[in-house]
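There are 2 protein chains.
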Amino acid sequence: MTESIAIQDMYDEPAAHCYGCGRLNDVGYQIKTRPDGETTLTEFVPEPFHTAYIDSTYGGLIASIIDCHSTGSAAIFAMRAEGSTIGSDPAPRFVTAHLEVDYLLPTPLAPIRLVGRATEIKDRKVIVETELWVDDRVTARGSAVLVRIGSE
Amino acid sequence: MTESIAIQDMYDEPAAHCYGCGRLNDVGYQIKTRPDGETTLTEFVPEPFHTAYIDSTYGGLIASIIDCHSTGSAAIFAMRAEGSTIGSDPAPRFVTAHLEVDYLLPTPLAPIRLVGRATEIKDRKVIVETELWVDDRVTARGSAVLVRIGSE
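Taken in order, these protein sequences are the chains called A and B. Following this note's numbering, the numbering of the first sequence begins with 7 at its first residue and continues without gaps. Following this note's numbering, the numbering of the second sequence begins with 7 at its first residue and continues without gaps.
If you're looking for bench data, these hints aren't it; they were derived computationally from the structure. By construction, the Cβ of each residue, glycine as well, lies at the ideal position given by its N, Cα and C atoms. Please note: incorrect hints may appear among the correct ones.
Claimed, not checked - Cβ-Cβ distance ranges computed for the label pairs, FRET-style: (1) A:87 x B:93: 26 to 34 Å; (2) A:155 x B:55: 43 to 51 Å; (3) A:119 x B:130: 24 to 32 Å; (4) A:53 x B:60: 23 to 31 Å; (5) A:123 x B:55: 41 to 49 Å; (6) A:119 x B:114: 46 to 54 Å; (7) A:114 x B:125: 42 to 50 Å.
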């Protein structure tokens, strides 16, 4: 059951106002990232006005949701590496030091799935690689370096 | 006088609906990028809700405005390289193939200046490096690979 809890719902209050993923930011995207087997999953539906060219999703939005998906994924992967339980143990917080996005194809203005994998977990640093899927195609890839903050 | 015209106001209609820089997207950011000597300049004021932690600007927004600033800057640099005049000649359109952002410091929730430089202009490809300034500090750096689209 705990596997269905979104990591962002476990962030402490100072981190809960993020425009991308804060549950207390009423006008933000409020993305939710959950463990999904060995990977992480974020699902997001762009609004009709989130356009680049009409019918494609704005690249800045893609970078934004990859960013928050990556910080959330880093927290999930770090907790797993430490044997912590998502939903009961405190969630660590990560910030983005470096973000890269490769735009491979136009992303249709349609439901998006972000799949995250950790390629490095070391001390306070986690690297998360992300595939952005629409239907059966990967239209963008992300890579982010996340750094743990706060006391622990 | 033509130097004060924003490149985004010269985009043809299909490109004018972008959430980041389209003049016809009523709910978007509508950023404006102008030539500024040898560089390009975009000024942007985040809204109070564009937060990461409270008092800092959301990293996804930073990536977004660097993205659109970079496509606009690529058009400006390409036009200059070709001897075209911004404001009277048609503006070429570029899309982002690759975007990188280094988050160097927390960016205060305050007016932002993006300064762009071209480091490569070759055939249909332009590389734009961006500094993000708040007051007298660079808090983030961007690098983008832009590819020209459309007929010319």
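The hints, checked one at a time:
| no. | hint | in the structure |
| --- | --- | --- |
| 1 | A:87 x B:93: 26 to 34 Å | 55 Å, violated |
| 2 | A:155 x B:55: 43 to 51 Å | 22 Å, violated |
| 3 | A:119 x B:130: 24 to 32 Å | 31 Å, holds |
| 4 | A:53 x B:60: 23 to 31 Å | 25 Å, holds |
| 5 | A:123 x B:55: 41 to 49 Å | 31 Å, violated |
| 6 | A:119 x B:114: 46 to 54 Å | 34 Å, violated |
| 7 | A:114 x B:125: 42 to 50 Å | 32 Å, violated |
When each numbered hint is compared with the structure, violations occur for hints 1, 2, 5, 6 and 7.
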